[in-house]
Amino acid sequence: TGAARAVALVIPALKGKFTGMAFRVPTPTVSVVDFTATLSRDVTKDEVNAAFREASLGAMRGIMAYTEEPLVSSDLKGDEHSTIVSGIDTIVLGNMVKIISWYDNEWGYACRLADITAFVASKLRQPAAVAS
1154 TGAARAVALV IPALKGKFTG MAFRVPTPTV SVVDFTATLS RDVTKDEVNA AFREASLGAM
1214 RGIMAYTEEP LVSSDLKGDE HSTIVSGIDT IVLGNMVKII SWYDNEWGYA CRLADITAFV
1274 ASKLRQPAAV AS
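Per this note's numbering, the sequence shown starts with residue 1154, numbered consecutively.
Hint data in this document are derived by calculation from the structure and do not stem from the laboratory.
What you are looking at is a predicted structure, and each value in this text was computed from that prediction instead of being measured.
In silico PhoX-like cross-links for lysine-lysine, where the CA-CA straight-line distance does not exceed 25 Å: (1) Lys-1251 - Lys-1168; (2) Lys-1168 - Lys-1198; (3) Lys-1251 - Lys-1230; (4) Lys-1170 - Lys-1198; (5) Lys-1170 - Lys-1251; (6) Lys-1198 - Lys-1251.
Label-pair distances were calculated between CB atoms; the ranges are: (7) Ser-1275 - Phe-1171: 29 to 35 Å; (8) Ile-1253 - Pro-1181: 18 to 24 Å; (9) Ala-1274 - Lys-1170: 33 to 39 Å; (10) Pro-1165 - Asp-1228: 35 to 41 Å; (11) Ser-1275 - Asp-1228: 31 to 37 Å; (12) Glu-1222 - Val-1273: 30 to 36 Å.
Built from N, CA and C at the ideal position, the CB exists for glycine as well.
Please put together the full structure from these sequences, using the hints given.
Written out as C-alpha coordinates, the structure reads:
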(Lines of atoms letter the chains of each structure in order from A and count residues from 1; the text may use other names and numbers.)
(Lines give C-alpha, C1' and ligand atoms only; values in the text may rest on other atoms or scores of the structure.)
Protein backbone atom coordinates (compact mmCIF):
# COMPACT_ATOMS: atom_id res chain seq x y z
CA THR A 1 0.00 0.00 0.00
CA GLY A 2 0.96 3.63 -0.12
CA ALA A 3 1.44 3.61 3.65
CA ALA A 4 3.85 0.66 3.51
CA ARG A 5 5.91 2.43 0.82
CA ALA A 6 5.84 5.70 2.77
CA VAL A 7 7.38 4.09 5.86
CA ALA A 8 10.47 3.16 3.85
CA LEU A 9 10.72 6.76 2.61
CA VAL A 10 10.52 8.13 6.14
CA ILE A 11 12.74 5.44 7.70
CA PRO A 12 15.16 4.34 4.94
CA ALA A 13 16.73 1.66 7.15
CA LEU A 14 13.44 -0.29 6.88
CA LYS A 15 13.46 -0.42 3.08
CA GLY A 16 13.10 -4.02 1.92
CA LYS A 17 12.61 -5.38 5.44
CA PHE A 18 8.83 -5.54 5.53
CA THR A 19 5.70 -5.47 3.47
CA GLY A 20 2.16 -4.62 4.29
CA MET A 21 -1.27 -4.35 2.82
CA ALA A 22 -4.45 -2.67 4.02
CA PHE A 23 -7.78 -3.68 2.65
CA ARG A 24 -11.36 -2.58 3.07
CA VAL A 25 -13.83 -4.79 4.84
CA PRO A 26 -17.66 -4.69 4.79
CA THR A 27 -17.87 -1.61 7.02
CA PRO A 28 -17.57 1.90 5.62
CA THR A 29 -14.75 3.16 7.86
CA VAL A 30 -12.88 0.17 9.30
CA SER A 31 -9.87 -1.36 7.55
CA VAL A 32 -7.43 -4.12 8.38
CA VAL A 33 -3.66 -4.25 7.92
CA ASP A 34 -1.81 -7.43 6.98
CA PHE A 35 1.82 -6.70 7.96
CA THR A 36 4.69 -9.12 7.33
CA ALA A 37 8.27 -8.63 8.49
CA THR A 38 11.52 -10.57 8.52
CA LEU A 39 13.29 -10.17 11.86
CA SER A 40 16.97 -10.54 12.70
CA ARG A 41 16.32 -13.65 14.82
CA ASP A 42 13.78 -16.39 15.34
CA VAL A 43 10.92 -15.46 17.68
CA THR A 44 7.80 -17.07 19.08
CA LYS A 45 4.20 -15.98 18.77
CA ASP A 46 4.16 -15.37 22.53
CA GLU A 47 7.20 -13.05 22.29
CA VAL A 48 5.67 -11.03 19.47
CA ASN A 49 2.30 -10.73 21.17
CA ALA A 50 3.92 -9.81 24.50
CA ALA A 51 5.82 -6.98 22.79
CA PHE A 52 2.62 -5.56 21.29
CA ARG A 53 0.69 -6.04 24.53
CA GLU A 54 3.39 -4.24 26.54
CA ALA A 55 3.61 -1.39 24.02
CA SER A 56 -0.16 -0.93 24.10
CA LEU A 57 -0.02 -0.58 27.88
CA GLY A 58 3.10 1.59 27.91
CA ALA A 59 4.61 3.99 25.38
CA MET A 60 1.84 3.45 22.82
CA ARG A 61 -1.07 3.60 25.29
CA GLY A 62 -4.02 5.37 23.70
CA ILE A 63 -2.52 5.05 20.22
CA MET A 64 -2.23 1.27 19.87
CA ALA A 65 -4.45 -1.36 21.45
CA TYR A 66 -3.96 -5.11 21.71
CA THR A 67 -6.67 -7.75 21.82
CA GLU A 68 -7.06 -11.50 21.79
CA GLU A 69 -10.83 -11.31 21.28
CA PRO A 70 -12.21 -12.72 18.01
CA LEU A 71 -13.36 -9.35 16.66
CA VAL A 72 -14.89 -8.44 13.31
CA SER A 73 -14.74 -5.12 11.50
CA SER A 74 -18.01 -3.77 12.93
CA ASP A 75 -16.58 -4.18 16.47
CA LEU A 76 -13.92 -1.54 15.70
CA LYS A 77 -16.10 1.24 14.28
CA GLY A 78 -15.54 4.32 16.41
CA ASP A 79 -12.40 2.99 18.12
CA GLU A 80 -10.04 5.87 18.93
CA HIS A 81 -6.79 3.89 18.55
CA SER A 82 -4.64 4.22 15.44
CA THR A 83 -4.28 0.45 15.40
CA ILE A 84 -5.69 -2.54 17.28
CA VAL A 85 -3.36 -5.54 17.02
CA SER A 86 -5.19 -8.88 16.87
CA GLY A 87 -2.97 -11.25 18.86
CA ILE A 88 -5.01 -14.34 17.96
CA ASP A 89 -4.12 -13.75 14.30
CA THR A 90 -0.34 -13.43 14.78
CA ILE A 91 1.61 -15.97 12.74
CA VAL A 92 5.30 -16.71 13.31
CA LEU A 93 7.56 -18.96 11.28
CA GLY A 94 11.14 -18.70 12.53
CA ASN A 95 12.11 -15.09 11.94
CA MET A 96 9.11 -14.26 9.73
CA VAL A 97 6.16 -12.58 11.44
CA LYS A 98 2.68 -11.73 10.20
CA ILE A 99 0.56 -9.28 12.21
CA ILE A 100 -3.09 -8.45 11.64
CA SER A 101 -4.23 -5.07 12.90
CA TRP A 102 -7.54 -3.19 12.65
CA TYR A 103 -8.23 0.54 12.52
CA ASP A 104 -11.09 2.97 12.01
CA ASN A 105 -9.55 5.07 9.28
CA GLU A 106 -11.76 8.05 10.04
CA TRP A 107 -12.19 8.18 13.82
CA GLY A 108 -8.72 6.91 14.72
CA TYR A 109 -7.19 9.46 12.35
CA ALA A 110 -9.35 12.26 13.77
CA CYS A 111 -8.22 11.34 17.28
CA ARG A 112 -4.56 11.64 16.27
CA LEU A 113 -5.29 15.06 14.72
CA ALA A 114 -6.83 16.11 18.04
CA ASP A 115 -3.71 14.83 19.85
CA ILE A 116 -1.33 16.79 17.64
CA THR A 117 -3.49 19.91 17.91
CA ALA A 118 -3.43 19.67 21.70
CA PHE A 119 0.35 19.14 21.63
CA VAL A 120 0.96 22.18 19.42
CA ALA A 121 -1.40 24.29 21.54
CA SER A 122 0.48 23.29 24.70
CA LYS A 123 3.77 24.44 23.13
CA LEU A 124 2.26 27.75 22.02
CA ARG A 125 1.06 28.48 25.55
CA GLN A 126 4.54 28.10 27.02
CA PRO A 127 6.40 31.38 27.54
CA ALA A 128 9.22 31.94 25.09
CA ALA A 129 12.74 31.49 26.44
CA VAL A 130 14.53 34.77 27.03
CA ALA A 131 18.03 35.00 25.57
CA SER A 132 20.65 36.26 27.97
